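Asker: Okay, here's what each chain looks like letter by letter:
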Amino acid sequence: MSHGVNVTALTVFLLFFVAVTVIGFLASRWRRAGDAQHLDEWGLGGRSFGTWVTWFLLGGDLYTAYTFIAVPAAVYATGAAGFFAVPYTIIAFPLVFAFLPRLWSVARVHGYVTPADFIRGRYGSKALSLAVALTGILATMPYIALQLVGIQAVLDTLGVGGGANANWFVKDLPLFLAFAVLAAYTYSSGLRAPALIAFVKDTLVYIVIIAAVLYIPHRLGGFGHIFDTAATKFNTKGANGKPIGSMIIAPKAQWTYATLGLGSAMALFLYPHSVTGVLASKSRNTVRRNMAILPAYSLMLGLLALLGFMAITDNVSKGAKGFNSQLAVPQLFTDMFPSWFTGVAFAAIGIGALVPAAIMSIAAANLFTRNVYKEFIKPNATPADETRVAKIASLLVKVGALVFVLGMDKQVAINLQLLGGLWILQTFVSVVGGLFTRWFHHWALLAGWAAGMVYGTWKAYGLASPATKHFGGNSAPIPGIGQIGYIGLTAFVLNLVVAVVLTLVLRAAKVTDGVDETSPGDYSAEPSDPEPTGAPQPVAAH
Amino acid sequence: MSIDPDAPQAPPGPLPVITPPRVLAAVCLLVPIVAELWVSSYARLTPRFDGIPFFYWYQLLWVPLSAVFTVSAYLLITREERQRKALRGGGPR
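From first to last, the protein sequence lines are chains B and Y.
If you use my numbering, the first sequence corresponds to residues 3 to 544, in order.
If you use my numbering, the second sequence corresponds to residues 853 to 945, in order.
Incorrect hints may have been included.
As the list claims (entries may be wrong) - Here are some, though not all, of the chain Y residues that point toward chain B, as calculated from beta-carbon distances under 7 Å:
1) A895
2) I904
3) L912
4) W914
FYI, nobody ran anything at the bench for these hints, they're computed from the structure.
All of these numbers come straight from a predicted model, not from anything done at the bench.
Backbone N, C-alpha and C fix where the C-beta goes; we use that ideal spot for every residue, glycine too.
My request is simple: use the sequences and hints to build the entire structure.
Answerer: Written out as structure tokens, the structure is:
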């Protein structure tokens, strides 16, 4: 409860935070090679990360602090429906196994830093590339903001949030400090900082979750008792006469569960920060191996989700003023663990916010620099100019996220992050389609993207929930099928249909197509294959 | 092994695009996806495992299983790629 400051826990938390800060600044000297002024160095860590570094980096990147707070919170609030994160991450890796190696290869051959770079090269279309870049930035911003929400939940539980009656400055000072430090080392070290810090973060996360799953059920009377308590809670009728949750997915909710899992899995590796992590690896097989070993994190996520049920048994909401389900896991840790270990657990969540926030801001900065600044503002920018602009952009992105969290209701950030997944999924046809075929016409892809964005946003706008009047959910009836499904996936199907039909029309009308600078061999190129263009690599032709 | 810049449209090697290892790898990747999307196959409470309802432990079990399938796909694909390279006459690198 937020009665006072938990000194032991806070001290441990701060020790880890200081250690990580030192690592973040020292990271700029780690594996330094090549031309330090090149964007490949700051923005992709020199494209040099091997299997294990990539594993820690991607794990630290994809499984964010917000995940650690939100997944158990969803299970705590609704039961089985919140568990969809598990099928989602199970589906994601086999799914992307098929196309990420191709993206890696073509990006290596042509020096692409962002997914929008690839679109520009593949379709020769500035408009489509800009659409993909802006979608990426738009989807990433609220995601960074949510990392702050994760830190806030921990700080509140530690008692340093100042409580509801503190003035806003005292309340948010710790958050300011954390973010200022993060911004400083991301600026100086680039992607190397989160890559190195990810080692600390992931190790802590594994220790904390394994300890929690072994220790907490023992204290709460075993899993049998935990699930029985949860079943009792979810059988209780809510204000509208319906049960507030369920232990398994009812037949009419199964489409929602499956489409949410599939749609989220398809979206996962379209996010700019995921692509950044992938392109920073040193070979095709590094990427493939990681698809096979990243499920280790999914197992952690699944066990973490079970903490939501433990929070029910622990009755975490008792007597806490201003309790919301986001606080379920931090409160559970406080109740169950000795103070010093609570500090470790909170450090895991706090650092778990810093790593993805750093990578996301780098990815958004790369997009801005390559696909807006260089494309439209200063076409003759040198690699050193690019690095300079990207560093400044990464700062602005973080400030934007901070203003977002402090200035607006937290619910807005949560709504926008849900929308972000829906939006980023609308780049699937262009990016993944483009990795396999050049059949699509770029104007058709742009129209499909626009159709998906508008339809998805409009549908989501119409959804109300107890917490919010608009954007209150992510699923709606699927036209023609009559089941309830994930809006993002319905929008994706519409997007695909529009792209196919318009491509047929445009091809029939013989509308000129853009120039494709890639060749089929580029999509299976290995790191040691010579540059087919003979240009000094990486190519910075556009 | 180099990519011939003069013949970018040529198929990558004498092997056809669809080969048995590639099909098998695709099946390995599809199995976990289908298993997870088939929600009605696991939306039930029993049998419990150590008190955990079936719905939860079954999905958790699929995490390591999916990794096994992905590793199989990885082995199939990398072996096949080596073969393709050798057939293209590049020799070992």
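Asker: Does each hint hold? Answer for all of them.
Answerer: Hints versus structure:
Taking 7 Å as the C-beta contact cut-off toward chain B, the hint placing A895(Y) at the interface holds, the least distance being around 5 Å. Hint status for I904(Y) relative to chain B: holds, with the closest Cβ pair at about 5 Å, below 7 Å. The beta carbon of L912(Y) is positioned within 7 Å of a beta carbon in chain B (closest approach about 5 Å), and the interface hint is therefore held. A least Cβ separation of about 5 Å between W914(Y) and chain B falls short of the 7 Å threshold, and the interface hint therefore holds.
When held up to the earlier numbered hints, the structure conflicts with none and fits them all.
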